[in-house]
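> With the hints as constraints, model all of the structure from the sequences given.
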Amino acid sequence: LAKTTQPISMDSYEGQEVNITCSHNNIATNDYITWYQQFPSQGPRFIIQGYKTKVTNEVASLFIPADRKSSTLSLPRVSLSDTAVYYCLVGGGYNKLIFGAGTRLAVHP
Amino acid sequence: SQTIHQWPATLVQPVGSPLSLECTVEGTSNPNLYWYRQAAGRGLQLLFYSVGIGQISSEVPQNLSASRPQDRQFILSSKKLLLSDSGFYLCAWSVAGDSPHGYTFGSGTRLTVV
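Chains U and B, in that order, are what the protein sequence lines are. Letter by letter, the first sequence follows residues 1 to 109 in the working numbering. Letter by letter, the second sequence follows residues 1001 to 1114 in the working numbering.
Everything labelled a hint here was simulated from the structure, so no lab data went into it. Mixed in with the good hints, there may be bad ones.
Some chain U residues near chain B, calculated using beta-carbon distances under 8 Å [what the hints assert, rightly or not]:
1. 23
2. 41
3. 42
4. 44
5. 100
6. 101
What you are looking at is a predicted structure, and each value in this text was computed from that prediction instead of being measured. Heads up, the beta-carbon is just placed ideally off N, CA and C, and yes, glycines get one too.
Structure representation (structure tokens):
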């Protein structure tokens, strides 16, 4: 299973764009990249998933370069309610998703 | 639509007592099912996963066991709880098969062993 590396924590302010980058140098050909968001005392919530290039939904964008060895989650115009832990995972199908420590994002007024 | 139910929400148990946490999924068939544990301020640790009835894979040797008596029911158990079993337990499901679908998590059970 591909291991991921992401920053332990990040700080931002309301209205700013936040980009969280994740490294996954050993990603396999059939692996997808998935991001989750977790609030305290809640289960993680699926945010976005992609395989290559760019994916956008109503919540975020995911940028994946051609070599797929990294990915960047982009949160446009964050608010206080975006304060959470964000996990980057690589895998798919029968592969068990292994969660790392994630990135703690703190959004300040 | 698919939903996942997990109970109880909180549980306080004495050391040495048994444990049974239940998770059920509605609205789908033959899901992959997972049990995760999260210690305070830490990431999620995969404990068990199941791709079918009676099929359980253990990721971490420990004081816990899992069972899947029905297609959409996943149970986490212990015969004798340890203090180190305290944590936030999460059940999740995903679509079976070789497809890159995300996981849907339950609301979790906060277990405190005293």
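> Would the hint on residue 23 of chain U stand, with a C-beta cut-off of 8 Å toward chain B?
Interface hint status for residue 23 of chain U: violated (16 Å vs cutoff 8 Å).
> Is the interface hint for residue 100 of chain U satisfied, with its Cβ closer than 8 Å to some Cβ of chain B?
holds (5 Å)
> Go through the hint on residue 44 of chain U and say holds or violated, using the shortest Cβ distance to chain B against 8 Å.
holds (5 Å)
> Let's test the interface hint: is any C-beta of chain B closer than 8 Å to that of residue 101 of chain U?
holds (4 Å)
> Regarding the hint that residue 42 of chain U lies at the interface with chain B, is the smallest CB-CB distance below 8 Å?
holds (7 Å)
> Given residue 41 of chain U as an interface hint, is the shortest Cβ-Cβ distance to chain B below 8 Å?
Where the cut-off is 8 Å and the nearest Cβ of chain B is about 7 Å from residue 41 of chain U, the hint holds.
Hint violations for this structure: number 1 only, all remaining hints satisfied.
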